[in-house]
Amino acid sequence: MSLKYFYYGEKGKRHREVSYRVHKLLRGFSLVKELAITPYIIEGLSYAEELLAHLPVFCNLTCLKFIGEPMNFASGALGNVIQKLPCVNSLIFNVEIFLSPYCEEGEWRLDPVAPCFSTHLKSITIREFGGTKGELHVVTFLLESALILERLVISCSLDKFSGGVGRQKEVHDQLMLSRRSRTCAIEFS
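The sequence shown lines up with residues 1 to 189 when you count with full-length UniProt numbering.
Fair warning: there could be bad hints in the mix.
Here are the simulated lysine-lysine pairs, DSSO-like style, with alpha carbons at most 30 Å apart [stated by the list, open to error]:
1. Lys133 x Lys84
2. Lys133 x Lys169
3. Lys160 x Lys65
Label pairs and their in silico Cβ distance ranges [said to hold, decoys possible]:
4. Arg16 x Gly164: 44 to 52 Å
5. Arg16 x Thr119: 31 to 39 Å
6. Asn94 x Arg16: 27 to 35 Å
7. Glu17 x Leu177: 42 to 50 Å
8. Pro112 x Thr132: 19 to 27 Å
Worth flagging that the hints you see were computed from the coordinates, not collected in a lab.
In this text the structure is predicted, and so the values were computed from the model without any measurement.
C-beta atoms are modelled at their ideal positions from N, C-alpha and C, and glycine is treated no differently.
Turn these sequences into a full structure, and let the hints guide you.
In structure tokens, the structure reads:
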């Protein structure tokens, strides 16, 4: 069954069925060291909320990569998944990030903050960054929450990032002030 079909299809029994299959799939991957998933996996979990309390702990996972479609950080399931990553030291978003239009400006937070943010998370990479208010809110939160972060790499999409180099410097300076880890390097590419 295609997760793409699931995502665009009607809610109901099929969605719940896919949620249970996604949950089973994640349980099978719970011992891997690196994992690449699409935001459809996160979306798939959100249709059977009772499963969120029973997600597996990814005790060996050190690198989680998101690929494919844009990632909605306002998804409650995302926070639940990140809570289950006690040893992750690298998060890579090879996708656009955004906050759902239903999320009030400045309202979103990962609550509670995942333990890995204070103990293991050293590197975050965000590709396709456009510099929107929602994206800045997410990145600011990540910088404020990651206590031992060493490196944040942001790749700007020239066709989406407006304002050119001047705006890029402005965003860089704003993010430098948001760092909880004063040794964290912020790189734009």
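Violated constraints from the hint list, given by number and in increasing order: As far as the earlier hints go, not one is violated by this structure.
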